[in-house]
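K.L.:
One letter stands for each residue in the lines below.
There are 2 protein chains.
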Amino acid sequence: MKILIIGANGTIGKKLTPQLAKQHEIITAGRNSGEVRVDISSEESIKEMFQQVKNIDACICIAASGPLDNFSTLTEKQLLEDFKGKLFGQMNLVLIGQEYLNNNGCFTLTSGVFADIPYKGVTGGAIISGGLHSFVLSASIELPRGLRINVVSPSMVEDSVADFGYLFPGLKAVSMKELVDAYEKTINENITGQILRVY
Amino acid sequence: MKILIIGANGTIGKKLTPQLAKQHEIITAGRNSGEVRVDISSEESIKEMFQQVKNIDACICIAASGPLDNFSTLTEKQLLEDFKGKLFGQMNLVLIGQEYLNNNGCFTLTSGVFADIPYKGVTGGAIISGGLHSFVLSASIELPRGLRINVVSPSMVEDSVADFGYLFPGLKAVSMKELVDAYEKTINENITGQILRVY
Numbered sequence: 001m002k003i004l005i006i007g008a009n010g011t012i013g014k015k016l017t018p019q020l021a022k023q024h025e026i027i028t029a030g031r032n033s034g035e036v037r038v039d040i041s042s043e044e045s046i047k048e049m050f051q052q053v054k055n056i057d058a059c060i061c062i063a064a065s066g067p068l069d070n071f072s073t074l075t076e077k078q079l080l081e082d083f084k085g086k087l088f089g090q091m092n093l094v095l096i097g098q099e100y101l102n103n104n105g106c107f108t109l110t111s112g113v114f115a116d117i118p119y120k121g122v123t124g125g126a127i128i129s130g131g132l133h134s135f136v137l138s139a140s141i142e143l144p145r146g147l148r149i150n151v152v153s154p155s156m157v158e159d160s161v162a163d164f165g166y167l168f169p170g171l172k173a174v175s176m177k178e179l180v181d182a183y184e185k186t187i188n189e190n191i192t193g194q195i196l197r198v199y
Numbered sequence: 001m002k003i004l005i006i007g008a009n010g011t012i013g014k015k016l017t018p019q020l021a022k023q024h025e026i027i028t029a030g031r032n033s034g035e036v037r038v039d040i041s042s043e044e045s046i047k048e049m050f051q052q053v054k055n056i057d058a059c060i061c062i063a064a065s066g067p068l069d070n071f072s073t074l075t076e077k078q079l080l081e082d083f084k085g086k087l088f089g090q091m092n093l094v095l096i097g098q099e100y101l102n103n104n105g106c107f108t109l110t111s112g113v114f115a116d117i118p119y120k121g122v123t124g125g126a127i128i129s130g131g132l133h134s135f136v137l138s139a140s141i142e143l144p145r146g147l148r149i150n151v152v153s154p155s156m157v158e159d160s161v162a163d164f165g166y167l168f169p170g171l172k173a174v175s176m177k178e179l180v181d182a183y184e185k186t187i188n189e190n191i192t193g194q195i196l197r198v199y
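Top to bottom, those sequences are chains F and U. Quick note on the UniProt record's numbering: the first sequence kicks off at 1 and runs consecutively. Quick note on the UniProt record's numbering: the second sequence kicks off at 1 and runs consecutively.
Quick caveat, the hints were computed from the structure, so don't treat them as lab data. As the structure is a prediction and not an experimental result, all values here were calculated from the model. Fair warning: there could be bad hints in the mix.
The list treats identical chains as interchangeable, and a pair is accepted whether it falls inside one copy or across any two copies.
[To be verified] The calculated EDC-like cross-link candidates involving lysine to aspartate or glutamate, where the alpha carbons are at most 20 Å apart (straight line), are:
#: 1; residue 1: K54; residue 2: E44
#: 2; residue 1: K14; residue 2: E158
#: 3; residue 1: K177; residue 2: E44
#: 4; residue 1: K54; residue 2: E178
#: 5; residue 1: K77; residue 2: E99
#: 6; residue 1: K120; residue 2: E99
#: 7; residue 1: K15; residue 2: D181
#: 8; residue 1: K47; residue 2: E76
#: 9; residue 1: K77; residue 2: E189
#: 10; residue 1: K172; residue 2: E44
#: 11; residue 1: K120; residue 2: E35
#: 12; residue 1: K14; residue 2: E99
#: 13; residue 1: K77; residue 2: E48
#: 14; residue 1: K77; residue 2: E44
#: 15; residue 1: K77; residue 2: E184
#: 16; residue 1: K172; residue 2: D57
#: 17; residue 1: K14; residue 2: E184
#: 18; residue 1: K2; residue 2: E99
#: 19; residue 1: K2; residue 2: E35
#: 20; residue 1: K2; residue 2: E25
#: 21; residue 1: K84; residue 2: D159
#: 22; residue 1: K22; residue 2: E35
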C-alpha cells in the first residue's frame with residue numbers, strides 16, 4: 001500500500017514510520033519536514049497536498065497536538081483558535097481527501113485520552129478529541145467508494161513523559177509499541193468507524 | 001431552587017417547564033419567547049441575560065437543534081456556522097455563567113444520540129454532541145464554588161416523530177416522560193460530569 005503519513009517526524013511518527021515502511025511505500029508529510037509540506041490548518045494546503053501526491057491508499061494523521069487552557073478565563077475565541085489544527089485540520093483531511101484516496105483506502109486520525117478522562121487544563125483538547133470520535137463514527141457510514149476511517153486515541157506516550165508527565169499526575173503512559181500496533185491495525189485490518197483507545 | 005430554562009417554549013421545554021414549576025421557581029428564556037430574551041449564539045447576549053437574572057441556582061439549556069448536512073460537500077465553513085448555537089452557545093453559557101450562578105448551582109446542557117450512534121446527514125450534529133460530552137466531563141472538574149454540570153443526550157423524542165421521524169428510519173423515539181425525568185434528575189440529585197443517555 002501507498003501510505004501518506006502527516007506528522008511523520010513527530011514523537012509517534014518517528015516510531016511508526018519505519019515500522020510501516022517494512023511492508024508499505026511511505027510518503028512523509030509535515031509542516032516543517034517530510035517529502036511533502038502541508039499545513040493542515042489550511043484547506044488550500046491540504047488540497048495542494050492531495051493534488052501533488054497521487055494514488056494514496058491510506059492517510060495517517062499524527063500531526064497536531066492538543067492545547068492547554070485555563071477554564072476560568074477560556075473563551076470561544078481561544079477555543080476556535082485551538083480547534084484549527086487538530087480538529088478542523090483532521091476533519092478537513094477527510095472531507096477534502098474523500099475525493100482523492102484510492103478506492104477502499106483508509107484514513108487514520110489521532111485524538112486523545114482527554115475525550116473520556118478529564119484532566120485540568122485540557123478542556124479544548126477534550127472537546128477536540130470527543131468531537132473527532134463522533135466525526136469518525138459519522139464519516140464511517142458516509143464515506144464513498146469503500147473508504148474506511150478510524151481514530152487512535154492515545155494517552156500520553158512513554159516518550160513524552162519526561163517533557164509533559166508533570167502536567168498530568170497519575171496519568172499512565174502507554175508504550176510506543178502498543179501505540180504503533182494500534183495505527184498498524186487500522187491499516188492492516190478491515191475495520192472502520194473504530195475508536196482505538198490506547199490507555 | 002431558582003431555575004433558568006433556556007428554550008422553555010420548545011418541544012422538550014413545554015413539557016419540562018411545568019413539571020419543574022411544581023417544586024421550583026422558574027424563569028423562562030428564549031430567542032423569541034420567555035420572560036428573558038437571549039440569543040445563545042452571542043456571548044454578549046448571554047452576559048446580558050446573566051446580569052439581568054440574578055441568584056440562579058440552575059441553568060438548563062434545551063434551546064438549540066442540530067443541523068443536517070451533506071457529507072460529500074461539507075466544509076469547515078458550514079461546520080463553524082452549525083457549531084455556533086448548540087456547541088459554542090452551550091459552552092458559552094457555562095464559561096460565562098460560571099461567574100454568575102449561586103454556589104453549588106448546576107448547569108444542564110443538551111446533546112443528542114448522534115454522538116454515539118451515527119446516522120447519515122448529521123455529521124455536524126454528531127461532532128457537536130460528542131464535543132459537548134467531553135466538554136462536560138472537563139467542566140465538571142474545573143467549575144468553581146461547587147458548581148455541577150451534566151448533559152442530557154436524547155434520541156428523537158416521541159413528540160418529534162411526526163415531523164422528523166422519516167429522516168432517521170429505525171431510530172427508536174423516547175417518551176417525553178423518560179426525558180423529563182432525566183432533566184429533573186440533574187436538578188434534584190447531587191451528580192456532576194454525567195452524560196444522561198436517554199435512548
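K.L.:
Where does the structure disagree with the numbered hints, that is, which hint numbers, in rising order?
P.N.:
Going through the list in order, the structure violates hints 3, 4, 9, 10, 11, 12, 15, 16 and 21 and respects the others.
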